[in-house]
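Just so you know, the sequences run in chain order A and B. Counting from 101, one number per residue, gives the positions in the first sequence under the numbering used here. Counting from 809, one number per residue, gives the positions in the second sequence under the numbering used here.
Hints listed in this document are in silico derivations from the structure and should not be mistaken for laboratory results. Take these hints with a grain of salt, some might be off.
[Unchecked claim] Keeping only pairs whose Cα atoms sit at most 27 angstroms apart, straight-line, the calculated DSS-like set for lysine-lysine is:
| no. | chain 1 | residue 1 | chain 2 | residue 2 |
| --- | --- | --- | --- | --- |
| 1 | B | K875 | B | K810 |
| 2 | A | K157 | B | K810 |
| 3 | B | K850 | A | K157 |
| 4 | B | K864 | B | K810 |
| 5 | A | K157 | A | K115 |
| 6 | B | K850 | A | K111 |
| 7 | A | K157 | A | K111 |
| 8 | A | K117 | A | K157 |
| 9 | B | K850 | B | K810 |
[Stated by the list, open to error] Okay, the calculated bits of chain B under chain A, using three or more residues with CB under 8 angstroms as the criterion:
| no. | segment |
| --- | --- |
| 10 | 851-863 |
| 11 | 909-918 |
By construction, the Cβ of each residue, glycine as well, lies at the ideal position given by its N, Cα and C atoms.
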Amino acid sequence: GAGVSQSPSNKVTEKGKDVELRCDPISGHTALYWYRQSLGQGLEFLIYFQGNSAPDKSGLPSDRFSAERTGGSVSTLTIQRTQQEDSAVYLCASSLVPGPTEAFFGQGTRLTVV
Amino acid sequence: QKEVEQNSGPLSVPEGAIASLNCTYSDRGSQSFFWYRQYSGKSPELIMFIYSNGDKEDGRFTAQLNKASQYVSLLIRDSQPSDSATYLCAVYLSGGYQKVTFGIGTKLQVIP
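Chain B extracted, bound-state conformation:
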């Protein structure tokens, strides 16, 4: 089982819809969770992080964390064509090497 799992997509949504991106992780000791966005040909950049169970909202983005289910998601409201990118889920585990582990990313396509 991979440490961080994401569906590679592509996930296609119409402009103005809600895009829901999902991520599961294997280690219950995971403490912190990040969502990065990567435009084609560019490097990943952080868009959201979440540490506690529940929802965290930032503009059109909402991160949701459920530690009991080992599940973290990213919702993008009012999706825009400019949101088309690959979204990478990353998880930080404090034990062992104390490193951040990335999923393979979900490609999102927002159709005008």
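So here's chain A without its partners, still in its complex pose:
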């Protein structure tokens, strides 16, 4: 695709339910990032994938959060047993190489936990 695609764009879920957020990076981009942004707050790093290397999971806030990237392309961020504090915009970004190149962001998934 022409850009980073995220789905769904909006998700409302009940507290305690599991959710899956999807990111389809730009074709050929080997680096993929997940960030979280709460209302009026800055970007919070969650996880980083680079090619076939072990991901950097240092930003995941709890063991309820996990992510995978299949075939070096599409990534899924899973939040188990959602809590109200998980409500935020989840942004995915990809870049061509793990280097000093531009990271392109998707439009995000707005998650609301009620």
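Assemble chain B onto chain A, guided by the hints.
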């Protein structure tokens, strides 16, 4: 100490003034530096990058890098209300996970 630090603001400047946005980073091995702009409700987009010490100009924007002081800044000349946004500083480190790390962003308000 955070890897990339920015004042969250808001920074308010009058229309036509120079807006100065600052960022410090902790790792001396950092190689590349980026400034992203994020309008409210939108995703971040790249506006400038800089690799070498000194200044880099692009239109009304100037990025300044001082590796010795571990400091990077963004100057916006002739600020316009349309420049009102959050400006995110990002730093690339070639070691370790080789990833780009973002600061929390500075909110800029240009007052007409």
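* **Violations among the numbered hints, reported as their numbers in ascending order** => none
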